[in-house]
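J.: Residue strings, one per chain:
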Amino acid sequence: MLSNTGNILLIGSIVSTFLIVYLAYQSIKERSFQIKKNIIYCSFFQITFVISSFLLLIFAFIFSDFSLLAVYQNSHTAKPLFYKISGVWGNHEGSMLLWINIMVLFSYLFFVFNNKINTVFSLYTLVVQNILILGFLIFLISDSNPFFKILPTPIEGLGLNPILQDPALAIHPPLLYLGFVGSSIYFSAAVAAILSNSNGKNFALSIKKWVLISWSFQSLGIIVGSIWAYYELGWGGFWFWDPVENASLIPWFCMTALAHSVLVLEKRNYLYNWVLILSLITFISSVTGTFLVRSGILNSVHTFANDPSRGLYILIFLSLMILFSFIIFFKRRINDQFNLNPISKETFILSNNWFMMFYLATVFVGTIYPIFTQVLYNTNISVGPPFYNQVIAPILIPFLIFMAVGPKIGWMKSNFIAFKPFFIIIVLSLLINFFISYFLKSYNLISNLIVVSSLFLILHSLKDFISNFKSNSYINLASFFSHLGFGFLIFFIILNHNFSEEFDLNIKVGETKKIGNMEIKFNNLKIENRKNYNAVIGDFNIQDFQRNYLKNLNPEIRVYENPQTLTFESAINTNLKQDIYLTMSNIDGSDFYNIKFQVKPFMLWIWFAAFLTASGGLIRVFLKK
Amino acid sequence: MKNKFLIIILLIFNIKLNANENTGVDTKIFKNLRCLVCQGQTIAESNSDFAQTIKIVVRDKISQGSNEKEIYEFLSEKYGEWIVYKPKFNYLNSFLWISPYIVLILGGYLIFKYFRKRRQ
Amino acid sequence: MKVSLLKIISFCLVIFTIVVFFIALNIDNRYSTENIVGKKIDNFKIKFLSHDQTFENKDLSNDKYNLINVWASWCLPCKKEHPILMELSKEKNINLIGINFKDKKNNANKFLKDLGNPYNIILSDKDGISSISFGVFGVPETILVNTKQIIIKKFIGPLDTNDYKNILSIIHEK
Chain A
794 MLSNTGNILL
804 IGSIVSTFLI
814 VYLAYQSIKE
824 RSFQIKKNII
834 YCSFFQITFV
844 ISSFLLLIFA
854 FIFSDFSLLA
864 VYQNSHTAKP
874 LFYKISGVWG
884 NHEGSMLLWI
894 NIMVLFSYLF
904 FVFNNKINTV
914 FSLYTLVVQN
924 ILILGFLIFL
934 ISDSNPFFKI
944 LPTPIEGLGL
954 NPILQDPALA
964 IHPPLLYLGF
974 VGSSIYFSAA
984 VAAILSNSNG
994 KNFALSIKKW
1004 VLISWSFQSL
1014 GIIVGSIWAY
1024 YELGWGGFWF
1034 WDPVENASLI
1044 PWFCMTALAH
1054 SVLVLEKRNY
1064 LYNWVLILSL
1074 ITFISSVTGT
1084 FLVRSGILNS
1094 VHTFANDPSR
1104 GLYILIFLSL
1114 MILFSFIIFF
1124 KRRINDQFNL
1134 NPISKETFIL
1144 SNNWFMMFYL
1154 ATVFVGTIYP
1164 IFTQVLYNTN
1174 ISVGPPFYNQ
1184 VIAPILIPFL
1194 IFMAVGPKIG
1204 WMKSNFIAFK
1214 PFFIIIVLSL
1224 LINFFISYFL
1234 KSYNLISNLI
1244 VVSSLFLILH
1254 SLKDFISNFK
1264 SNSYINLASF
1274 FSHLGFGFLI
1284 FFIILNHNFS
1294 EEFDLNIKVG
1304 ETKKIGNMEI
1314 KFNNLKIENR
1324 KNYNAVIGDF
1334 NIQDFQRNYL
1344 KNLNPEIRVY
1354 ENPQTLTFES
1364 AINTNLKQDI
1374 YLTMSNIDGS
1384 DFYNIKFQVK
1394 PFMLWIWFAA
1404 FLTASGGLIR
1414 VFLKK
Chain B
13 MKNKFLIIIL
23 LIFNIKLNAN
33 ENTGVDTKIF
43 KNLRCLVCQG
53 QTIAESNSDF
63 AQTIKIVVRD
73 KISQGSNEKE
83 IYEFLSEKYG
93 EWIVYKPKFN
103 YLNSFLWISP
113 YIVLILGGYL
123 IFKYFRKRRQ
Chain C
52 MKVSLLKIIS
62 FCLVIFTIVV
72 FFIALNIDNR
82 YSTENIVGKK
92 IDNFKIKFLS
102 HDQTFENKDL
112 SNDKYNLINV
122 WASWCLPCKK
132 EHPILMELSK
142 EKNINLIGIN
152 FKDKKNNANK
162 FLKDLGNPYN
172 IILSDKDGIS
182 SISFGVFGVP
192 ETILVNTKQI
202 IIKKFIGPLD
212 TNDYKNILSI
222 IHEK
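Protein chains in written order, with the numbering used here: chain A, 794 to 1418; chain B, 13 to 132; chain C, 52 to 225.
There may be inaccurate statements among the hints.
Capping the alpha-carbon separation at 25 Å, the derived lysine-lysine pairs in DSS-like fashion look like this [unchecked claim]: (1) LYS73(B) <-> LYS109(C); (2) LYS1301(A) <-> LYS81(B); (3) LYS1344(A) <-> LYS1306(A); (4) LYS109(C) <-> LYS81(B); (5) LYS1201(A) <-> LYS994(A).
These are computed hints drawn from the structure, not numbers from a lab.
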């Protein structure tokens, strides 16, 4: 019953999407410069169908309707309501439906907001976007139908992977999807701008808001994802340069570059070609990332049910998308002549793009290189954190400095840069860095330079803010927050990296171990029955004689029944200064438990700085000048 | 002039001071090794049995006087290059290490090209 | 001219990447440590299960093939492959060496008592360290070593009838 309704809704969505493409294309051909009523009706039907199919799936998960394969495979009656709902997008089929929902939503909103400005342009956008939607809808219904029925109806579901039963991970996919699936709208707009010969300034104005929205959500999604990884995976790290993380980071680089260069296009009408390219590759890289993750050709922490036929479909779709956007772009080349003044905002914004492309190239090549060596040389290699850290870290130094100076420079002017405040700030940052490393702990040259340049960025941003505030001139809050936040982010990450302490040891119940100035006592072990799992809870006392504190931590080993899995829950004591992080795991055939004990300074500040960075985008969207 | 002098002094001071690295060699090596039986975890992060064994082996090798490179070589001979997270710079991996810098140089050149145009 | 060169290069790169992706889709990416095949076996020294003497490279048979099987009583797939090892133990041209991996002596002996003992020599690797030199990362794993102490075949996971035939054809080749 539910299955049939769902399928009808999906078919309704396909029909209305197809009609939109057809009708919009007709109006373009007829050169009618008014939006026809029936296009608006169709769009309305489309969004209604798509959203109700999604709601229907949520409904099926809430009421555990196991006649649907997707529900049977990913849900269980004993699961809390919240995780029943998040189970909707915790699997391939449901997440594809969410994907389509976001594409349709963005398409609808973009059309509503822009159709009065330039009819031909918005009609073209509608056509392109709906062709994309059609592609994904066909994929959904043919290969990953969330409403697929199983007979006979099972009594109980298989359950959701317990590691995914977590509040942060429940909201992580929707946030991330709003980011990189949202980027489809400026892919479509870019193709439409080329086809309709739209002028650069209008194009910039129409996509700017969408770029910022998707950038903000992408950033939030990445942050929430890494917070989850931090406390749930139990390794104490928050970024692993894992292929799935990289797949979300690559579009983020594109969006960041775009969010900057779109300003140049808007204000100066420069860089039209470049902005078009960025708009195109943002969504292309999103789909590429999805392909890499879903097709299973990469090994990764996060696993989706892998299926080569899915991979094949996405790859063909991706190839067609790239091919057509390339052909369209190269055929109608827009003449884009301009000159740059070396000391101008344009140059600094371009330099942001320059660094972004470098990071993008590093992460992209690092992610796909193992595939190449395997296919071409039949050799497996791993590209992991040491590679990325080594390549990316040194290039952060000039990046941070450019980032500090950029916002203050005016458009096209070649004003002499006042060097005096520079020196004061540099000396100040060097001093702070000196004190940190002198009184706490010394670190290597690259770390030193990164700390100095991040301090430079922080101090410079603050100085600009204060002087603007005093002189009552315009303050760009969005850029201030983002740049300041990013400065803090790098600053705390480097300090955290250098000051973290890790201990790995085996310990028995009742034992006390001493490490340095600290003492770890394993008091006892108890077993508890919880709603859908059993927990083995360790009771540890951590005492630091030097800093004089005593903390009680209770890490857990959870034994889940449906499906049968072990997870290791970390115990974290957070305060402003540091996180004390403890995980334990059993060792087969012995009374000992392996514990990982870490002291990680400034974790809270890293999250705060990351949120501050992301907030800039939202401020810009909602706070009009 | 005074300022420049101060900067140089501070930098030199700091660089000289960084003698000790905080993490031991063993942790550094664990972080560069892949746990083969886990999904994309390093030996340092993994709770698995295999990781425990590798940790013992690496510590043994260190106490026997092997250096980092020798340990990586020993393990990659047994398990393939896949076990090491930081790929060696060799013929096969040269493009991996070089291509980011190609992009960096190319990008710099493209931006610089627009400056030149103006001067002419 | 330069711009169009850039165009051509980027276009070729994209096509190349997509082609590689297409090929990669059909490659089995389960990992194996077969690169150890073809190499001479490392020096090792492992204790016997029953007593404290050690077994070394030089003790390997040099007129028969050596089949080194890493197993444990707690490992379920080991039970599955056991009949195949029993069959192999009937062959004359092969020397079966069992390495008991991270196991308790009593359990190991019970396992062999219940299911039969196919091995000519039984060694014990209590902490799993010695097995590293054979590139072992789980049980069961099996390697076939020829008379010149070169590893000629590696099997990850339980042996099945295909592997059995494979081993037979190799040892009867001579």
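J.: Regarding the pair LYS73(B) and LYS109(C), is the alpha-carbon distance no greater than 25 Å?
T.: It holds: about 23 Å lies between the C-alpha atoms, which stays within 25 Å.
J.: Below or equal to 25 Å on CA atoms is what counts here, so check LYS1301(A) against LYS81(B).
T.: The given pair, whose Cα atoms are some 34 Å apart, is violated under the 25 Å limit.
J.: Please verify whether LYS109(C) and LYS81(B) have alpha carbons no more than 25 Å apart.
T.: At roughly 29 Å apart (the allowed maximum being 25 Å), LYS81(B) and LYS109(C) break the hint.
J.: Given the hint that LYS1344(A) pairs with LYS1306(A), test it: the Cα-Cα distance must not exceed 25 Å.
T.: Holds, at about 15 Å.
J.: Does LYS994(A) lie within 25 Å of LYS1201(A) when you go C-alpha to C-alpha?
T.: Holds: LYS1201(A) and LYS994(A) sit about 23 Å apart, inside 25 Å.
When held up to the earlier numbered hints, the structure conflicts with 2 and 4 and fits the remainder.
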